[in-house]
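So the protein sequences, as listed, match chains W and L.
Mapping of the first sequence onto our numbering: position 139 corresponds to residue 165, and the numbering continues sequentially without gaps.
Mapping of the second sequence onto our numbering: position 187 corresponds to residue 235, and the numbering continues sequentially without gaps.
Hints in this document: simulated from the structure, not taken from any laboratory.
Predicted model only: the values in this text are computed from it and were never measured.
Among these hints, one or two may not hold up.
[Stated by the list, open to error] Pair by pair, the computed Cβ-Cβ distance ranges are: (1) L:Arg-246 / W:Lys-204: 40 to 48 angstroms; (2) L:His-241 / W:Lys-202: 26 to 34 angstroms; (3) W:Glu-225 / L:Glu-330: 32 to 40 angstroms; (4) L:Ile-300 / W:Met-215: 25 to 33 angstroms.
[To be verified] Listed below are the simulated DSSO-like cross-link pairs for lysine-lysine, each with C-alpha atoms no more than 30 angstroms apart in a straight line: (5) L:Lys-248 / L:Lys-58; (6) W:Lys-202 / W:Lys-155; (7) W:Lys-155 / W:Lys-213; (8) W:Lys-238 / W:Lys-202; (9) W:Lys-105 / L:Lys-187; (10) W:Lys-155 / W:Lys-204; (11) W:Lys-213 / W:Lys-105; (12) W:Lys-98 / W:Lys-53; (13) W:Lys-53 / W:Lys-105; (14) W:Lys-53 / W:Lys-155; (15) W:Lys-98 / W:Lys-155; (16) W:Lys-204 / L:Lys-58; (17) L:Lys-303 / W:Lys-105; (18) W:Lys-238 / W:Lys-204; (19) W:Lys-105 / W:Lys-202; (20) W:Lys-155 / L:Lys-58; (21) L:Lys-303 / W:Lys-98; (22) W:Lys-202 / L:Lys-303.
Ideal Cβ placement from N, Cα and C applies to all residues, glycine included.
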Amino acid sequence: MNAHSNIAVIDLDDTDLTAANQSLQSKNGTEQNAHMRVVNPRGSHALAVGIDAPVDIEIDGNTGYFCAGMNKAARITVKGNAGQAVAENMMSGEVRVTGDASQAAGATAHGGLLVIEGNAGSRCGISLKGADIVVGGDIGHMSCFMAQAGRVVVLGDAGDALGDSLYETRIYVRGKVKSLGADCVEKEMRDEHRGELAELLQTAGFGDADPKEFRRYGSARNLYNFNIDNVGAY
Amino acid sequence: MCGIVGLYLKNSEFENRFGELFEPMLVAMTDRGEDSAGVAVYHDAVADGFTKFTVYHPDTGFNWEAVCDRMRSDLNATVRDAANDTHVVIETDGDAAASRDLIEGFDPQIQIMSVGSAIEIYKEMDTPQAVADRFELAKMSATHGVGHTRMATESAVTTDGSHPFSTGPDLCLVHNGSLSNHNRLRRDLTQHHDMTIRTKCDTEVAAAYVSHRLAEGRSLREALDDCLGALDGFYTFVAGTRDGFAVLRDPIACKPAVLAETDDYVAFASEYRAFVDLPGIENARVWEPEPAVVYSWGGEA
Chain W
27 MNAHSNIAVI
37 DLDDTDLTAA
47 NQSLQSKNGT
57 EQNAHMRVVN
67 PRGSHALAVG
77 IDAPVDIEID
87 GNTGYFCAGM
97 NKAARITVKG
107 NAGQAVAENM
117 MSGEVRVTGD
127 ASQAAGATAH
137 GGLLVIEGNA
147 GSRCGISLKG
157 ADIVVGGDIG
167 HMSCFMAQAG
177 RVVVLGDAGD
187 ALGDSLYETR
197 IYVRGKVKSL
207 GADCVEKEMR
217 DEHRGELAEL
227 LQTAGFGDAD
237 PKEFRRYGSA
247 RNLYNFNIDN
257 VGAY
Chain L
49 MCGIVGLYLK
59 NSEFENRFGE
69 LFEPMLVAMT
79 DRGEDSAGVA
89 VYHDAVADGF
99 TKFTVYHPDT
109 GFNWEAVCDR
119 MRSDLNATVR
129 DAANDTHVVI
139 ETDGDAAASR
149 DLIEGFDPQI
159 QIMSVGSAIE
169 IYKEMDTPQA
179 VADRFELAKM
189 SATHGVGHTR
199 MATESAVTTD
209 GSHPFSTGPD
219 LCLVHNGSLS
229 NHNRLRRDLT
239 QHHDMTIRTK
249 CDTEVAAAYV
259 SHRLAEGRSL
269 REALDDCLGA
279 LDGFYTFVAG
289 TRDGFAVLRD
299 PIACKPAVLA
309 ETDDYVAFAS
319 EYRAFVDLPG
329 IENARVWEPE
339 PAVVYSWGGE
349 A
């Protein structure tokens with residue numbers, strides 16, 4: 027780790043992944059801030075996982091699977107594309123991807139904000155448990171599958187089977203939805219929804235987008251209770 | 049798991065460097081499968097009237113000259129051979145079917161890995177790096193090629209159960225996933241369509257299905273499109289023909305896939321890590337192929 031004007035630089039060309047993650051986790055359990063920069067990530071998996079401190083981490087380049095997984099409090103920016111399951115199980119903090127994200131972005135995340143400036147692949151926000159996800163481009167098929175809480179905002183289009191078996195996550199899509207999954211329906215956009223959407227867009231850096239152009243999707247809540255007419259199927 | 053890589057050159061100036069670009073891609077996928085590894089490369093197409101075979105024997109000291117001499121005398125054919133570890137490339141102007149029967153019948157441990165005009169297949173039960181070293185992959189030139197690192201699920205870890213699979217002239221297929229209807233399809237292809245399937249591996253059934261469709265006049269793109277209706281299960285496929293290269297993911301698309309394209313090449317991999325040493329990758333268009341969509345380059349597509 028070399029110090030450059032208060033920013034600690036970790037070069038994965040000469041630092042192994044475990045040592046790099048240990049450095050990134052060095053403030054864990056404290057309230058201390060630090061600014062760290064990772065260069066040459068070369069698509070490595072599980073980079074900057076398990077951070078539990080309000081630190082700023084910038085990753086210059088494309089990352090592999092599980093980047094920023096389990097994040098708590100940190101602000102992590104990937105300047106490039108992220109592989110599968112970026113920010114999976116995030117608890118709090120902010121993760122930003124300036125390029126595209128692969129499948130299962132933000133899977134099971136409980137809190138915090140995930141911003142993907144480009145497109146997200148399939149199963150974005152699968153089983154989401156309370157985090158907010160804002161995607162500047164499109165999201166792939168089966169996104170928000172069984173998503174339970176939190177909000178997902180998509181400035182582009184959504185793929186097939188959006189929100190299949192959805193619980194209480196609120197989904198806002200500006201573009202086209204290829205198809206809705208089982209029990210996911212379009213819902214009325216009321217003032218309270220335009221209000222929270224405007225706030226989310228502003229926070230995520232998409233303040234120029236007009237909330238009036240979005241549609242809201244949510245659970246029809248028909249799968250919540252067992253339908254006695256289906257008893258013959260069991 | 050399993051790892052797949054593919055590289056299709058658009059700029060012929062890279063052909064002499066194919067192996068040095070391709071080896072790091074294959075080795076980067078070591079974590080996805082260390083049971084066996086293999087590559088199919090397309091280069092040095094034989095002249096019209098000639099057939100190129102890649103043939104395997106477990107004994108690296110096997111006397112291939114004896115096979116070639118028999119082909120010369122029995123088939124009155126011109127025969128050239130170049131041994132490479134456990135594999136040999138045999139080129140002949142003899143009748144292709146008769147040559148095949150003679151080679152296969154020569155020794156019970158002989159297996160024909162590929163038949164065609166440009167294709168060569170090299171695969172072994174070893175780590176990707178060891179396989180690359182054994183066959184001197186880094187020195188190979190090619191127009192395009194595919195590679196596979198295997199974590200076996202559907203059949204035993206053997207050399208002939210390794211990928212790529214070739215089931216028809218110049219065709220090869222690699223697969224990440226598992227098929228659930230391969231037994232029924234195997235029966236159908238072998239009993240009703242005269243296809244030969246040599247192993248218990250599900251991937252060879254998929255390769256045979258693609259060969260069968262190609263033989264019926266479908267293009268590579270169309271044959272892969274047909275897979276969407278015929279195959280049940282999980283798959284990411286990369287297929288090669290003499291001048292074509294194609295990618296297909298199943299409609300659920302659980303198995304990972306990433307493509308990169310520049311003016312010089314198209315690269316495929318299970319993970320982005322495989323691309324990091326490619327020239328110009330920082331400015332390449334990088335994207336995930338959509339589920340149930342065939343992507344193809346070259347060929348008749």
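Against the structure, the hints come out as follows:
{"no.": "1", "hint": "L:Arg-246 / W:Lys-204: 40 to 48 angstroms", "result": "holds (41 angstroms)"}
{"no.": "2", "hint": "L:His-241 / W:Lys-202: 26 to 34 angstroms", "result": "violated (41 angstroms)"}
{"no.": "3", "hint": "W:Glu-225 / L:Glu-330: 32 to 40 angstroms", "result": "holds (36 angstroms)"}
{"no.": "4", "hint": "L:Ile-300 / W:Met-215: 25 to 33 angstroms", "result": "holds (32 angstroms)"}
{"no.": "5", "hint": "L:Lys-248 / L:Lys-58", "result": "violated (36 angstroms)"}
{"no.": "6", "hint": "W:Lys-202 / W:Lys-155", "result": "holds (25 angstroms)"}
{"no.": "7", "hint": "W:Lys-155 / W:Lys-213", "result": "holds (20 angstroms)"}
{"no.": "8", "hint": "W:Lys-238 / W:Lys-202", "result": "holds (15 angstroms)"}
{"no.": "9", "hint": "W:Lys-105 / L:Lys-187", "result": "violated (35 angstroms)"}
{"no.": "10", "hint": "W:Lys-155 / W:Lys-204", "result": "holds (24 angstroms)"}
{"no.": "11", "hint": "W:Lys-213 / W:Lys-105", "result": "violated (35 angstroms)"}
{"no.": "12", "hint": "W:Lys-98 / W:Lys-53", "result": "holds (12 angstroms)"}
{"no.": "13", "hint": "W:Lys-53 / W:Lys-105", "result": "holds (22 angstroms)"}
{"no.": "14", "hint": "W:Lys-53 / W:Lys-155", "result": "holds (26 angstroms)"}
{"no.": "15", "hint": "W:Lys-98 / W:Lys-155", "result": "holds (15 angstroms)"}
{"no.": "16", "hint": "W:Lys-204 / L:Lys-58", "result": "violated (34 angstroms)"}
{"no.": "17", "hint": "L:Lys-303 / W:Lys-105", "result": "holds (25 angstroms)"}
{"no.": "18", "hint": "W:Lys-238 / W:Lys-204", "result": "holds (20 angstroms)"}
{"no.": "19", "hint": "W:Lys-105 / W:Lys-202", "result": "holds (27 angstroms)"}
{"no.": "20", "hint": "W:Lys-155 / L:Lys-58", "result": "violated (45 angstroms)"}
{"no.": "21", "hint": "L:Lys-303 / W:Lys-98", "result": "holds (29 angstroms)"}
{"no.": "22", "hint": "W:Lys-202 / L:Lys-303", "result": "holds (26 angstroms)"}
The structure is inconsistent with the numbered hints 2, 5, 9, 11, 16 and 20, although it conforms to all the rest.
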